[in-house]
Structure formats: C-alpha cells, structure tokens
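2 protein chains.
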Amino acid sequence: MNVGLIGIGTVGGGTYKVLTENFQEILHKTGIEIKVAMVADKDIDLAEKIVSSAIPIVGDAFELVESKEIDLVVELIGGTGIAKDLVKQALLNGKHVVTANKALIAMHGEELFAVAEDNNVQLAYEAAVAGGIPIIKALREGLAANKIEWIAGIVNGTTNYILTEMKENNLSFDVALKQAQELGFAEADPTFDIEGVDAAHKITIMASIAFGIPINFDAVFVEGISNLNQKDITYAEELGYRIKLLAIAKSDQESVEIRVHPTLIPEARLVANVSGPMNAVLVKGNMVGPTLYYGAGAGAEPTASAVVADIIDIARQSQLSTKKLIPSLGFMPNKIKQKKLLAIEDVWSEFYLRLTMANKAGLLAKITNIFASHDISIDAMIHKEVQETNQDPDIFLVTSKVQESQINQVIKAIESLPENKDKIIKLRIEELK
Amino acid sequence: MNVGLIGIGTVGGGTYKVLTENFQEILHKTGIEIKVAMVADKDIDLAEKIVSSAIPIVGDAFELVESKEIDLVVELIGGTGIAKDLVKQALLNGKHVVTANKALIAMHGEELFAVAEDNNVQLAYEAAVAGGIPIIKALREGLAANKIEWIAGIVNGTTNYILTEMKENNLSFDVALKQAQELGFAEADPTFDIEGVDAAHKITIMASIAFGIPINFDAVFVEGISNLNQKDITYAEELGYRIKLLAIAKSDQESVEIRVHPTLIPEARLVANVSGPMNAVLVKGNMVGPTLYYGAGAGAEPTASAVVADIIDIARQSQLSTKKLIPSLGFMPNKIKQKKLLAIEDVWSEFYLRLTMANKAGLLAKITNIFASHDISIDAMIHKEVQETNQDPDIFLVTSKVQESQINQVIKAIESLPENKDKIIKLRIEELK
Numbered sequence: 143m144n145v146g147l148i149g150i151g152t153v154g155g156g157t158y159k160v161l162t163e164n165f166q167e168i169l170h171k172t173g174i175e176i177k178v179a180m181v182a183d184k185d186i187d188l189a190e191k192i193v194s195s196a197i198p199i200v201g202d203a204f205e206l207v208e209s210k211e212i213d214l215v216v217e218l219i220g221g222t223g224i225a226k227d228l229v230k231q232a233l234l235n236g237k238h239v240v241t242a243n244k245a246l247i248a249m250h251g252e253e254l255f256a257v258a259e260d261n262n263v264q265l266a267y268e269a270a271v272a273g274g275i276p277i278i279k280a281l282r283e284g285l286a287a288n289k290i291e292w293i294a295g296i297v298n299g300t301t302n303y304i305l306t307e308m309k310e311n312n313l314s315f316d317v318a319l320k321q322a323q324e325l326g327f328a329e330a331d332p333t334f335d336i337e338g339v340d341a342a343h344k345i346t347i348m349a350s351i352a353f354g355i356p357i358n359f360d361a362v363f364v365e366g367i368s369n370l371n372q373k374d375i376t377y378a379e380e381l382g383y384r385i386k387l388l389a390i391a392k393s394d395q396e397s398v399e400i401r402v403h404p405t406l407i408p409e410a411r412l413v414a415n416v417s418g419p420m421n422a423v424l425v426k427g428n429m430v431g432p433t434l435y436y437g438a439g440a441g442a443e444p445t446a447s448a449v450v451a452d453i454i455d456i457a458r459q460s461q462l463s464t465k466k467l468i469p470s471l472g473f474m475p476n477k478i479k480q481k482k483l484l485a486i487e488d489v490w491s492e493f494y495l496r497l498t499m500a501n502k503a504g505l506l507a508k509i510t511n512i513f514a515s516h517d518i519s520i521d522a523m524i525h526k527e528v529q530e531t532n533q534d535p536d537i538f539l540v541t542s543k544v545q546e547s548q549i550n551q552v553i554k555a556i557e558s559l560p561e562n563k564d565k566i567i568k569l570r571i572e573e574l575k
Numbered sequence: 143m144n145v146g147l148i149g150i151g152t153v154g155g156g157t158y159k160v161l162t163e164n165f166q167e168i169l170h171k172t173g174i175e176i177k178v179a180m181v182a183d184k185d186i187d188l189a190e191k192i193v194s195s196a197i198p199i200v201g202d203a204f205e206l207v208e209s210k211e212i213d214l215v216v217e218l219i220g221g222t223g224i225a226k227d228l229v230k231q232a233l234l235n236g237k238h239v240v241t242a243n244k245a246l247i248a249m250h251g252e253e254l255f256a257v258a259e260d261n262n263v264q265l266a267y268e269a270a271v272a273g274g275i276p277i278i279k280a281l282r283e284g285l286a287a288n289k290i291e292w293i294a295g296i297v298n299g300t301t302n303y304i305l306t307e308m309k310e311n312n313l314s315f316d317v318a319l320k321q322a323q324e325l326g327f328a329e330a331d332p333t334f335d336i337e338g339v340d341a342a343h344k345i346t347i348m349a350s351i352a353f354g355i356p357i358n359f360d361a362v363f364v365e366g367i368s369n370l371n372q373k374d375i376t377y378a379e380e381l382g383y384r385i386k387l388l389a390i391a392k393s394d395q396e397s398v399e400i401r402v403h404p405t406l407i408p409e410a411r412l413v414a415n416v417s418g419p420m421n422a423v424l425v426k427g428n429m430v431g432p433t434l435y436y437g438a439g440a441g442a443e444p445t446a447s448a449v450v451a452d453i454i455d456i457a458r459q460s461q462l463s464t465k466k467l468i469p470s471l472g473f474m475p476n477k478i479k480q481k482k483l484l485a486i487e488d489v490w491s492e493f494y495l496r497l498t499m500a501n502k503a504g505l506l507a508k509i510t511n512i513f514a515s516h517d518i519s520i521d522a523m524i525h526k527e528v529q530e531t532n533q534d535p536d537i538f539l540v541t542s543k544v545q546e547s548q549i550n551q552v553i554k555a556i557e558s559l560p561e562n563k564d565k566i567i568k569l570r571i572e573e574l575k
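Those sequence lines, one after another, are chains A and B. The numbering of the first sequence is my numbering, which starts it at 143 and goes up by one. The numbering of the second sequence is my numbering, which starts it at 143 and goes up by one.
Please note: incorrect hints may appear among the correct ones.
[Stated by the list, open to error] In the EDC-like style, the derived pairs of lysine to aspartate or glutamate whose C-alpha atoms are separated by at most 20 Å in a straight line are:
id, chain 1, residue 1, chain 2, residue 2
1, B, K543, B, E561
2, A, K563, A, E527
3, B, K426, A, E163
4, B, K481, A, E527
5, A, K481, B, E167
6, A, K426, B, E163
7, A, K289, B, E167
8, A, K479, B, E167
[Stated by the list, open to error] Covered stretches of chain B (chain A as the covering partner; in silico rule of three or more C-beta atoms under 8 Å from a C-beta of chain A):
id, segment
9, 267-281
10, 284-291
11, 467-478
12, 516-526
No lab work stands behind these hints, which were simulated from the structure alone. Predicted model, so just to flag it, every value in this text is computed and none were measured. Ideal placement from N, C-alpha and C gives every residue a C-beta, glycine not left out.
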C-alpha cells in the first residue's frame with residue numbers, strides 16, 4: 143500500500159513518523175507493507191528536512207494526486223478550498239483518501255462520500271473528530287447495536303485547557319488564553335477554537351453518524367467561552383458543578399438538537415474531570431448505557447495515530463474486496479433521513495443564572511415571584527456577599543428544567559426591574575445521566 | 143443472517159432484546175436482516191417466556207450447532223466444559239461464533255482461533271472483556287498504528303463496587319460484599335471476582351492483543367481484595383491515592399508483566415474516579431499517549447451490546463468475503479511471539495507499606511535505617527496516632543520505585559525487629575503516567 147502525504151506540517155510530520163517508526167509493528171498486525179511513497183508540500187525545503195531522501199517530494203499536490211504510484215492519499219492541509227479539490231480529484235482518480243479535516247467533512251462530507259462511493263474507494267476521517275480517540279469507530283462499529291440517545295463531548299483541547307486554568311489557577315479568560323498560546327495549545331488567531339466553531343464541526347459529524355441524519359453544520363447552535371467570567375466558574379463550583387465547553391447532540395423519535403456552549407456539569411461525572419488539553423466523548427446508547435472515550439484530541443502523534451488507523455483499516459479491507467465495509471456515515475446512504483432540528487429556544491435545559499441587582503428590601507420576593515408566575519421552580523439560590531465595599535451582593539441560582547424561550551422571558555422580566563444593574567448571565571446545565 | 147442463541151439467561155435474554163428491539167436500527171446501519179432463528183436452553187420453560195413463539199427452542203444445544211438454518215452461533219452459557227465443545231463443533235460446522243466467555247478465550251482461545259481459521263469462519267469475543275466497552279475493537283483496530291506500552295484496567299465491576307462502598311461509606315469488606323450480593327453486583331459465590339481471577343482472564347486476553355504474545359493465563363500474578371483493610375483505603379486517601387483492583391499489563395522490548403492486584407492510583411487520574419460497578423480501561427500507545435475507555439462492564443444489555451456489535455461486524459464482513467478482516471488476536475498468527483514473562487518478584491513498583499509496631503524511642507530511626515541500607519528512599523511517611531487508648535500509632539509510608547524482591551527483604555528485616563507486632567501490609571502503587 144503506497145501512501146501519498148499532502149502537507150508535512152504538524153500532523154503530516156506525525157503521520158510520517160508513525161508510518162516509519164511503527165512500520166514493523168504495523169506489518170506484524172496487518173501483513174501489509176504500508177509505505178510513504180510520495181510527499182507534497184509547498185515548502186519543499188521543510189519537507190526535505192523531515193522525510194527520507196529516498197521519498198519523492200513535490201511542490202504541487204495535484205502531481206501526487208495524479209501519480210500512478212499512489213494507492214491512498216492523506217490530506218492534511220486543512221480548510222475547504224484547495225483541500226476539497228485535492229480530495230475530490232484523488233477520489234475521482236480511484237484513490238482512497240484519509241483526512242483529518244473536520245471543516246471539510248462537516249461542510250462537504252456528503253458530496254465527497256458520494257464521489258468516493260461512485261469511484262469504489264473510501265474516504266476516511268477518524269482523525270477529524272477528537273484526534274487520537276477512536277470515536278468514529280466506536281460510533282459506527284463498537285456501538286452499532288445501539289440506538290444512540292445522546293452524545294456530549296469535550297472535543298476542543300484549547301478551550302478545555304483555558305477552562306482548566308481558569309478554574310484551577312484562578313486566571314481570567316484573557317490570561318489563560320495568552321498562556322495557552324505561549325504553550326502551543328492555542329493558535330495565534332484562536333477564534334475558531336474559543337468561539338466553538340471547531341467543536342461544532344466535530345459534533346455535527348458525530349450527530350450524523352449517531353442518528354442517521356444528514357450533516358447539518360448550519361443548524362448547530364454555537365456559543366463560545368470568550369465571555370465567560372471567572373466568577374461563574376467559582377459559583378458553579380460552589381453549586382457542585384464544573385464548567386466545560388460541551389458539544390451536545392440529542393435525538394428522540396421526531397427531533398434532534400445539536401449545540402455547543404459552556405455547560406455546567408455535575409462534578410461527580412467522569413467527563414467533568416477531564417482536564418487540560420485532553421478530549422473526551424460521552425455516548426449514551428439505548429442498550430449499553432453511558433460510555434466514555436478519552437485521550438489526546440490534538441497534537442502531531444495522537445492525530446497521526448488516528449490517520450494511520452484509517453490507513454490500516456483501508457489496507458486490511460482492500461485485501462478482501464473493493465466493496466466498502468462500513469457506510470461512511472454509519473447508516474446505509476438510502477436510510478439517512480433528516481429529522482426536525484430544534485432551534486435553541488425550543489431546547490429544554492436546567493439553567494444557571496447570575497443576577498446583578500441593587501440590594502433593596504423585597505428584592506428576593508420580586509425575583510421569586512417572577513419565576514413563580516412563569517411556573518419555573520428554583521432548585522438552588524445563593525445570595526452572596528461581595529467582600530469589597532459599595533458592591534451589591536451577587537445572586538446566583540439554578541432552575542428546574544424549562545424551555546429556553548421560557549427562561550428568556552423570565553430574564554427579560556427581571557432585567558426590567560428597577561433594581562437590575564447589569565445583563566443577567568445565563569448558562570445551561572446538563573446532568574448527563 | 144440467522145443467529146442461534148445458546149443460553150437465554152441474563153446476557154442471552156439481553157442479546158435477544160437488542161436483536162429484536164433494535165432490529166430496524168441495525169437493518170438501517172447494515173442493510174442486513176439479523177434475526178434470532180433458534181434458541182437453545184436446558185430450561186425450555188424459561189426460554190418460552192422470553193422469546194417469541196415463532197422461534198424454535200431446543201433443549202439440546204448441539205441440535206442448534208448442527209442446524210443448517212444457523213449462520214452464526216452465540217455462546218452464552220459460560221465455563222470451559224460444554225461451552226468449549228459447542229463452540230468447537232459450531233466452528234467445525236462452518237458457523238461463525240460470538241462469545242462473551244472470558245474463561246474460554248483466556249484458557250483455550252488459541253486452539254479455538256486455529257479451528258476457526260481452518261474452517262474459514264470467525265470467533266469473536268468483544269463481550270468477554272469489559273462488557274459493553276468496545277475495547278477489543280479499540281486495541282485491534284482503533285489503536286492499531288501504535289505499539290502498546292501498557293494497559294491498566296478496572297475490569298471487574300463487583301470489586302469496584304465493593305471498593306467504592308468501602309471508601310465512600312466507610313464499610314468493611316464483609317459488609318460491602320454482602321451489600322453487593324443483595325444488589326446483584328456480586329454472585330452468591332463471589333470467589334472468582336473478589337480473588338481477581340475474572341480480571342486475570344480479561345487482562346490476559348488484552349495483553350495478548352496489545353503485545354502480540356500468546357495467551358498466558360497461567361503466568362498472571364493475581365491478588366484479590368478480600369484481605370483489604372478499610373484503614374488502608376483511608377490512609378491511601380490521605381496520601382492522595384485511591385485503591386482500585388487494577389489489571390495491569392506492561393511490555394518492553396524483551397519482557398512482559400501481567401498482574402492483577404489492589405493498587406494505589408493518584409486520585410487525579412481519571413481512572414481513579416471510576417466508581418460503582420463501572421469498568422474502565424486505560425491504554426498507553428507509543429504514539430497516541432494515554433487513552434481511556436469507560437462503560438458498563440457487565441449486565442444484560444451492556445454485554446449484549448458488545449455481543450451484537452460482533453454479530454454486526456461478522457455480518458458486514460461476510461457480505462464482502464469469507465476471508466477474515468482482522469486477525470483474532472490483532473497480530474498475524476505467524477507473528478505472535480512469546481516474550482519473557484516477569485515473575486512478580488522481578489517487577490518494579492512504588493510501594494505503600496503499613497507497619498504495626500510498639501512505639502519505642504528510636505523506632506523510626508531503626509526503620510529508616512533498614513530502608514537506607516537497602517538503598518530505598520521513602521517518599522512519604524506518616525506516623526499516625528490512633529484514637530483508642532492502649533493502641534500503638536500506625537506507621538504508613540510510600541517508597542521510591544524498587545523491585546519487589548528488594549521490598550520483600552526490607553519487610554522481612556522490619557518484621558524481625560522486636561517492636562514489630564503484626565504482618566506488614568504491602569500494596570503496590572501505579573502512577574499511570
């Protein structure tokens with residue numbers, strides 16, 4: 143099996159390392175010699191420093207995609223521009239493709255899977271979700287006997303690192319982000335990570351596999367962590383919760399909800415204890431119950447571990463048949479069916495609210511009356527003195543399960559009280575039971 | 143695909159439920175109708191209560207194994223007697239076999255895999271290790287790009303439930319065991335679970351897949367939890383550790399160690415926070431780093447989830463080819479090679495020791511001198527007053543990493559001091575980094 147690597151940056155370098163250093167190990171497991179036969183990178187000098195001089199290096203990746211020597215193309219340049227053209231052309235040329243490109247799959251997956259199907263080749267993407275954790279395999283194969291009820295994942299290492307630092311070392315968001323950038327856990331432009339877009343790509347893909355629906359990236363509700371206040375992390379802790387950027391997908395008979403937002407999770411849950419840049423995905427199957435998959439979600443070698451697992455799968459399968467073993471999205475293509483996608487206003491959650499109000503007599507009665515009039519019960523409420531002088535005490539509380547549109551009405555009513563001094567902070571809670 | 147179920151007890155009933163209730167879901171994923179076509183159980187009355195009257199029930203399982211109607215036999219009676227004969231005969235008759243029988247695979251796996259190979263059928267056993275967690279698939283496929291360095295698993299729910307209760311509710315071992323039995327988490331005769339034999343079966347199988355070695359059940363060191371004192375759980379906690387029954391397998395170039403014993407784990411590790419009857423397996427790959435797989439390790443439906451995942455894999459594969467996709471033990475049969483198996487005396491660990499000594503002047507000096515003379519450093523030592531009168535204080539400590547034979551000499555030397563009043567308690571520590 144001759145592999146062509148497009149892009150020899152972090153993950154590309156890692157993939158080269160795995161295929162060369164573990165060559166014997168992989169041969170002993172598969173009986174197949176899996177070799178890097180060509181590398182394409184714009185930066186030929188860099189490529190020459192990384193790969194053996196015996197391997198041809200080309201500056202134009204289309205040359206690799208057209209090469210008769212190559213059986214399988216690994217696309218590791220990312221993005222949805224040239225990467226899409228390369229992947230499509232490789233598939234049209236009858237080559238298998240392995241990619242770690244979550245944006246590409248989340249935005250053009252179905253089109254590309256169809257091209258692969260028509261050309262009797264495979265397009266594999268284990269590395270696109272949660273790096274080294276074999277979660278696509280778990281969903282499509284290991285849990286195939288189950289109807290998946292929901293998925294809740296920490297699938298972005300940058301934000302999990304920042305949230306861990308904010309909680310454990312009492313850092314502000316800005317300081318934690320700067321530290322993440324210095325340590326290489328966050329990019330110079332961290333927008334995609336901290337605003338939840340990266341996590342949204344990943345949960346979109348997982349939701350499709352879990353529920354047998356098309357890939358619905360545009361329908362995902364996304365809220366990042368950049369507005370998160372350290373105070374809320376501390377208060378959540380007092381209430382027995384940790385705040386994580388959770389990517390959530392749920393389904394019942396008729397409808398599906400897919401969303402990414404900072405979420406309060408009971409601290410006793412295993413997933414609440416996933417710290418630093420690590421990832422974890424919690425999957426609830428109707429038969430197996432909750433299962434969790436944990437590991438490094440990024441980095442050269444962990445991501446390459448998933449890329450090479452895909453290569454091995456394809457190598458093993460192509461010895462048996464050219465037919466595909468597992469449908470690209472886990473369900474037979476003709477059984478993939480859209481379900482109703484809930485708008486965030488229609489989603490039911492428990493909520494954490496933090497109020498900034500002038501402390502006048504009768505205030506709590508006013509607030510609790512507003513909740514009562516909307517038929518929402520308050521499960522916990524703390525009225526907290528703030529140490530500095532001249533500051534009104536903080537009020538924070540946890541509601542029962544309500545539809546988001548209802549809580550928005552309550553918030554509007556409280557914010558229009560004369561005592562109200564600032565926007566109310568609203569965070570969603572997931573019990574994950 | 144016509145499935146014959148042998149044994150309609152807990153897991154058999156669960157398997158029937160998964161295949162019938164999730165029939166449509168599985169059909170949409172595979173395009174294959176997977177049906178229970180026959181059931182065998184000695185207790186025909188019981189079977190009639192569970193399965194539809196449209197399905198033939200036989201009292202003699204060999205009748206099922208001989209039936210021309212059956213493509214795949216699911217063996218769920220357990221043990222290594224009649225179960226072995228049935229599995230072997232089914233394979234000889236050209237039927238695929240799926241089993242949840244860890245003892246059978248740990249003791250006769252290689253013989254049976256060879257029979258399967260000769261008859262061009264598959265013998266699958268995902269459910270034999272860690273119930274519903276797809277750990278065999280993770281090891282053989284998801285992590286196939288890695289050289290596995292070590293595995294550390296909580297793979298017995300009974301003992302994890304007991305240890306959780308001992309820690310969280312301050313119960314003695316006996317009381318916690320009784321409670322586990324009342325709740326159905328422990329059998330009437332719990333020996334196999336509490337003495338570590340069940341965990342040893344499972345780690346033996348995982349070690350073979352991870353390291354490409356034969357199945358070495360007889361070489362596993364096994365120590366159960368029945369002698370564990372509540373005191374040590376409390377003291378371990380004071381030192382920042384939790385005690386878990388850990389099934390451990392490690393490998394380097396030349397040698398392998400496989401062992402099951404109560405183990406102190408740093409409480410910050412995710413696996414230390416796996417509580418109640420849940421299972422988790424931590425796997426360290428040379429490229430991916432540590433990954434963890436968590437879920438229900440027993441019970442009707444979780445175990446059935448793994449049984450049916452195997453059935454789905456075989457159904458999907460047999461549409462492509464009669465050739466096997468993945469080698470039974472993850473490595474090509476001719477590449478499976480024995481490594482040197484370390485005796486427990488040769489294994490390196492940190493240790494927790496608890497000493498019961500008369501409190502005389504110069505005692506600590508005597509003890510620390512013994513350690514110094516064996517060149518072992520003490521990383522932590524607590525000399526603890528016991529509240530009741532007339533009792534000597536407890537001394538407990540943590541050593542640096544030493545070979546077990548060395549610590550045994552130290553223990554012998556301390557136990558022969560005139561101040562010594564009881565056998566020294568020795569527990570192993572794993573940092574799991």
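Outcome of the hint check:
Proposed proximity of K543/B and E561/B is contradicted: the alpha carbons are some 26 Å apart, above 20 Å. At most 20 Å may separate the alpha-carbon atoms for a hinted pair to count; K563/A and E527/A meet this at roughly 16 Å. In summary, the hint linking K426/B to E163/A is supported, as the alpha carbons are separated by about 17 Å, within the 20 Å threshold. Restraint check for K481/B and E527/A: the C-alpha separation of about 65 Å exceeds 20 Å, so the hint is violated.
For the proposed pair K481/A and E167/B, the alpha carbon gap of about 15 Å is at most 20 Å, so the pair holds. Among the hinted pairs, K426/A with E163/B is consistent with the structure: their alpha-carbon atoms are about 17 Å apart, no more than 20 Å. Of the pairs offered as hints, the one joining K289/A and E167/B holds, with about 7 Å between alpha carbons and a cut-off of 20 Å not exceeded. Restraint check for K479/A and E167/B: satisfied, since their Cα atoms lie roughly 13 Å apart, inside the 20 Å limit.
With a cut-off of 8 Å between beta carbons, the segment 267-281 of chain B has 6 residues touching chain A; three or more are needed, and the interface restraint holds. Coverage of the segment 284-291 of chain B by chain A holds [criterion: at least 3 residues with CB-CB distance below 8 Å; count 6]. Chain A is given as covering the segment 467-478 of chain B, and this holds because 7 residues of the stretch bring a CB closer than 8 Å to a CB of that chain, at least three being needed. Coverage of the segment 516-526 of chain B by chain A is violated. Counting CB-CB distances below 8 Å, 0 residues qualify, and the rule asks for three or more.
Checked against the numbered hints given earlier, the structure breaks hints 1, 4, 12 and satisfies all the rest.
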